[in-house]
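Protein chains: 2
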Amino acid sequence: MDSKELVLQRSNQAKEIYLPNLSADPVIFGFDQNELKVLLLKMNYKKLWFLPGGYVKKDEDLDEAVVRILKERAGVKAISYLEEFGVFGKINRSENYFEDFDDNLFQKQRFITIGYFALYNPSMIDLTVDEFSESCEWIYLSQLSDIEMAMDHHEIVKKALLTLREKISIKPIGLNLLPEKFTLAELQKLYEAILGKNLNRGNFYRKMKNTGILKKLNEQRKGGAHKAPDLYSFNKEIYSKALENGLISW
Amino acid sequence: MDSKELVLQRSNQAKEIYLPNLSADPVIFGFDQNELKVLLLKMNYKKLWFLPGGYVKKDEDLDEAVVRILKERAGVKAISYLEEFGVFGKINRSENYFEDFDDNLFQKQRFITIGYFALYNPSMIDLTVDEFSESCEWIYLSQLSDIEMAMDHHEIVKKALLTLREKISIKPIGLNLLPEKFTLAELQKLYEAILGKNLNRGNFYRKMKNTGILKKLNEQRKGGAHKAPDLYSFNKEIYSKALENGLISW
Numbered sequence: 001m002d003s004k005e006l007v008l009q010r011s012n013q014a015k016e017i018y019l020p021n022l023s024a025d026p027v028i029f030g031f032d033q034n035e036l037k038v039l040l041l042k043m044n045y046k047k048l049w050f051l052p053g054g055y056v057k058k059d060e061d062l063d064e065a066v067v068r069i070l071k072e073r074a075g076v077k078a079i080s081y082l083e084e085f086g087v088f089g090k091i092n093r094s095e096n097y098f099e100d101f102d103d104n105l106f107q108k109q110r111f112i113t114i115g116y117f118a119l120y121n122p123s124m125i126d127l128t129v130d131e132f133s134e135s136c137e138w139i140y141l142s143q144l145s146d147i148e149m150a151m152d153h154h155e156i157v158k159k160a161l162l163t164l165r166e167k168i169s170i171k172p173i174g175l176n177l178l179p180e181k182f183t184l185a186e187l188q189k190l191y192e193a194i195l196g197k198n199l200n201r202g203n204f205y206r207k208m209k210n211t212g213i214l215k216k217l218n219e220q221r222k223g224g225a226h227k228a229p230d231l232y233s234f235n236k237e238i239y240s241k242a243l244e245n246g247l248i249s250w
Numbered sequence: 001m002d003s004k005e006l007v008l009q010r011s012n013q014a015k016e017i018y019l020p021n022l023s024a025d026p027v028i029f030g031f032d033q034n035e036l037k038v039l040l041l042k043m044n045y046k047k048l049w050f051l052p053g054g055y056v057k058k059d060e061d062l063d064e065a066v067v068r069i070l071k072e073r074a075g076v077k078a079i080s081y082l083e084e085f086g087v088f089g090k091i092n093r094s095e096n097y098f099e100d101f102d103d104n105l106f107q108k109q110r111f112i113t114i115g116y117f118a119l120y121n122p123s124m125i126d127l128t129v130d131e132f133s134e135s136c137e138w139i140y141l142s143q144l145s146d147i148e149m150a151m152d153h154h155e156i157v158k159k160a161l162l163t164l165r166e167k168i169s170i171k172p173i174g175l176n177l178l179p180e181k182f183t184l185a186e187l188q189k190l191y192e193a194i195l196g197k198n199l200n201r202g203n204f205y206r207k208m209k210n211t212g213i214l215k216k217l218n219e220q221r222k223g224g225a226h227k228a229p230d231l232y233s234f235n236k237e238i239y240s241k242a243l244e245n246g247l248i249s250w
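Residue numbers (my numbering), protein chains in the order written: chain R, 1 to 250; chain Y, 1 to 250.
Excised from the complex, chain R in its bound form:
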């Protein structure tokens, strides 16, 4: 079955199963080689890159839908928490994408899409490819301008990144992204990747230590040319309290 026939066949099933006009698009960030990357699919039809999004079943909660969609479209099973960050509701946001099809195609109707983001360690996720896609890959943010993304998916990723930048001032991050033991320099690289700029080392270390979320281990990272740096891990109790109540006290 070619990619056009498949889209057509799935349209009729979709009308039975899914709510109309509404979709969900997860933006999954990973951290690797001191850079952020994002999980994308390349669809067979038209060969454009997409977020691993999908539709909401008539009989499921919205939160359940997003988790299911990620599993079905990218084989992502590890993710249990996604955070909603924006709704994209311009009338013409997906105009022309399914232009080869009749207007009664399920996928061609107007969709208002809900964006969710999560941060995950890419090594924790085994990617698989669904029937609509020719590949499912982590793409570095620095390479996004080189690929062609469908509809407004570029804008959705951009908004997710802006939200993440705001969040790291008030919420701890790193637990799902860094290894169990890490150096302050590695933590700083993560913040720099998210903020898109270099940070002053002294300020950053002081700020991080003041949050109380770090636990200094009696261990050093060996093997470098320089003095072996101290290893840290997260104090999970304080970390999860800070996730709930925020890092900033008034």
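Fair warning: there could be bad hints in the mix.
Just so you know, same-sequence chains aren't split out, so a pair can sit in one copy or run between any two.
For lysine-lysine, the following DSSO-like pairs were computed, each having C-alpha atoms within a straight-line distance of at most 30 Å [stated by the list, open to error]:
(1) K197 - K171
(2) K77 - K241
(3) K241 - K90
(4) K58 - K46
(5) K159 - K171
(6) K158 - K197
(7) K58 - K15
(8) K4 - K58
(9) K207 - K197
(10) K159 - K57
(11) K207 - K189
(12) K159 - K207
(13) K77 - K108
(14) K189 - K227
(15) K209 - K236
It is worth saying that the hints were derived from the structure and are not from the lab.
Place chain Y on chain R using the hints.
Frame of chain R, contents of chain Y only:
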């Protein structure tokens, strides 16, 4: 026409005009008497309190819809910017509300609703009552537990308030809520109302002055029993830059 007949009549029109399954609910906060209040409608049918929400037209952008809905349902014309803060998508969130009606009633279908919030000075808004409501009022947050709200609207207001609490650590607020000239004590009352707790005066003043968003005027508030306190206004240029880039520098 009684309230039930009206709901029925509007159902048929709604099917023509609006997208199914999707609604928007604005949470408009005001500040008055050192307390936060929220804009609510009391619907004729069933006499429960509601957010001034509504549906999205098939031919309008989502952002336009929210502004239109507020104008139609509460006479609110002044609001041009609302911020999306959450999507409420549980299957059963509006279950039983329209139980007196057939299942083909437009209003009775499953709705996933998108929550928006804004902060406005109540004196800037002339409220009017729409055809479905018997009143349209500002209700103090401290009184919300005394009134009966429909569906999950209590939860929606609560989430809006939590979002606002997070936001004030990273974004300036007050421009639409305080008078043009205000004292630091008045600004502190606003923060205390949002955070739901008393703040240390010295810390608060230092924090606010460090943001740079305040402009000290060569003027005092006269008439109190104590030493006349200095008046401030917002430095609008720095305020709007901070709105965009955040208050926290890394």
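Here is how each hint holds up against the structure:
no.	hint	result
1	K197 - K171	both (19 Å within a copy, 20 Å between copies)
2	K77 - K241	within (26 Å within a copy, 41 Å between copies)
3	K241 - K90	between (37 Å within a copy, 26 Å between copies)
4	K58 - K46	both (28 Å within a copy, 27 Å between copies)
5	K159 - K171	both (18 Å within a copy, 17 Å between copies)
6	K158 - K197	within (16 Å within a copy, 35 Å between copies)
7	K58 - K15	both (10 Å within a copy, 18 Å between copies)
8	K4 - K58	both (25 Å within a copy, 27 Å between copies)
9	K207 - K197	both (17 Å within a copy, 25 Å between copies)
10	K159 - K57	both (26 Å within a copy, 25 Å between copies)
11	K207 - K189	both (15 Å within a copy, 28 Å between copies)
12	K159 - K207	both (26 Å within a copy, 28 Å between copies)
13	K77 - K108	within (28 Å within a copy, 34 Å between copies)
14	K189 - K227	within (19 Å within a copy, 51 Å between copies)
15	K209 - K236	within (14 Å within a copy, 34 Å between copies)
Of the numbered hints listed earlier, not one is contradicted by the structure.
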